[in-house]
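**Q** Assemble the complex: chain F is given as a structure, and chain X must be docked to it using the hints.
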Amino acid sequence: MRLGVLLLLAAVWLALSGPYTLDGWLIPVFGLVSVAFVWRLYLALERAAGGGFEFFRASAWLRLPRFLVAFAVKVAAANLHVTKLILSPKIELHPRLRRVPASQKISFGQVLYANFITLTPGTITLDLRDDELLVYALDAESEADVMDGSMDRDVLRIEGSAD
Amino acid sequence: MSGALDIATAVLLVAGGFFCIVGGVGLHRFSEFYQRTHAASVTDTAGAGLMLLGLMLQGGLSMVTLKLLLVLAFLLFSSPAIAHALVKAAHGHGLELEIEDEPGRDGDAAG
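Residue numbers (my numbering), protein chains in the order written: chain F, 2 to 164; chain X, 9 to 119.
Isolated chain F (complex conformation):
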């Protein structure tokens, strides 16, 4: 995994600055130094978190396209709903708090699920504790998006632990 992060950082640097600057020697050296520096930061972060981070298996990349489509559809629908709420002549909100189980096996999956909910307009994650999310929703329709568990399943699927 650590090697994977190093490769990813190098790839990002190459993509952003590499193609235009590889003919000299100074800029590539700067690139190497900065990649090494950020990798060092990552290692320090890992130590501060008390042990290795758990990530998805590499095969999750294969399931990423399907997840992105599901993500885009849900976020678009939620955006239209909240836009309707904002532009309606009289603003009628029925805000509510809900505890939502996050059934992902590893913390990375739970964080991805929490961020998914926060990114979806109309719902926001207040807290993540004991495998449960505290979700604040604008109204019943926004709440239903989360409570029906479809987003939970989307994240489970990319995690690779869907039934």
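Please keep in mind that the hints were generated in silico from the structure rather than gathered at the bench.
Remember, it's a predicted structure, so these values are computed and weren't measured experimentally.
Glycine is no exception: its CB is placed at the ideal position from the N, C-alpha and C atoms.
Just so you know, not all the hints are guaranteed correct.
Computed beta-carbon distance windows for the label pairs [as the list claims (entries may be wrong)]:
#1 X:Glu108 <-> F:Leu4: 47 to 57 Å
#2 X:His36 <-> F:Glu142: 15 to 25 Å
#3 X:Val79 <-> F:Val70: 50 to 60 Å
#4 X:Arg37 <-> F:Arg41: 42 to 52 Å
#5 X:Ala93 <-> F:Leu42: 15 to 25 Å
#6 F:Arg67 <-> X:Glu40: 32 to 42 Å
#7 X:Leu69 <-> F:Leu9: 15 to 25 Å
#8 F:Arg41 <-> X:Ala97: 28 to 38 Å
#9 F:Asp24 <-> X:Gly68: 23 to 33 Å
#10 F:Asp132 <-> X:Phe82: 23 to 33 Å
#11 X:Glu104 <-> F:Ala61: 32 to 42 Å
#12 X:Val79 <-> F:Leu4: 19 to 29 Å
#13 X:Ser10 <-> F:Ala50: 22 to 32 Å
#14 X:Ser39 <-> F:Val6: 20 to 30 Å
**A** Relative to the frame of chain F, chain X by itself:
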């Protein structure tokens, strides 16, 4: 650059701008902090997403598009983290939520 592509870009840019404005309008029309964070997330997702998509059409298959994709990716990682940090800080320091019902609070099972 073909005409159809330019038109698609224009439509996406205008639509993105529309959602940015809607987010701003929502910031003013909603009445309290927690509701306003939802309005802001319209700007973050639909507004920025559609605009970047429109720009990617102009970039074609190039480094420019790759960079725009990276911008979008970083945005999608950072904006929920920021929104969550804001809301959690407000909640943790006791800013009250205006809630109609909260059956799921204080240890109950999810409602």
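**Q** Honestly, do valine 79 of chain X and valine 70 of chain F meet the 50 to 60 Å range at C-beta?
**A** violated, 20 Å
**Q** Range first: 15 to 25 Å. Now tell me if the beta carbons of leucine 69 of chain X and leucine 9 of chain F are that far apart.
**A** For leucine 9 of chain F against leucine 69 of chain X, whose Cβ atoms are near 21 Å apart, the range 15 to 25 Å holds.
**Q** Given the hint of 28 to 38 Å, check if arginine 41 of chain F and alanine 97 of chain X actually sit that far apart at their C-beta atoms.
**A** holds, 29 Å
**Q** Does 22 to 32 Å hold as the CB distance between serine 10 of chain X and alanine 50 of chain F, or does it fail?
**A** violated, 49 Å
**Q** Verify the CB-CB distance for arginine 67 of chain F and glutamate 40 of chain X against the hinted window 32 to 42 Å.
**A** holds, 37 Å
**Q** Please test the hint of 32 to 42 Å on the beta carbon pair from glutamate 104 of chain X and alanine 61 of chain F.
**A** With a Cβ separation near 40 Å, glutamate 104 of chain X and alanine 61 of chain F satisfy 32 to 42 Å, so the hint holds.
**Q** Does the Cβ pair valine 79 of chain X, leucine 4 of chain F satisfy 19 to 29 Å?
**A** holds, 26 Å
**Q** So does serine 39 of chain X sit 20 to 30 Å from valine 6 of chain F, Cβ to Cβ?
**A** violated, 44 Å
**Q** Note whether the CB distance of aspartate 132 of chain F and phenylalanine 82 of chain X lies within 23 to 33 Å or breaks it.
**A** Given a distance of about 28 Å, which is inside 23 to 33 Å, the answer is holds.
**Q** Taking 42 to 52 Å as the stated bounds, is the beta-carbon spacing between arginine 37 of chain X and arginine 41 of chain F within them?
**A** holds, 47 Å
**Q** Can the suggested window of 23 to 33 Å be confirmed for the beta-carbon pair aspartate 24 of chain F and glycine 68 of chain X?
**A** The hinted range 23 to 33 Å holds for aspartate 24 of chain F and glycine 68 of chain X, with Cβ atoms some 25 Å apart.
**Q** Note whether the CB distance of histidine 36 of chain X and glutamate 142 of chain F lies within 15 to 25 Å or breaks it.
**A** For glutamate 142 of chain F against histidine 36 of chain X, whose Cβ atoms are near 22 Å apart, the range 15 to 25 Å holds.
Hints 3, 13, 14, counting from the list given before, are not met by this structure.
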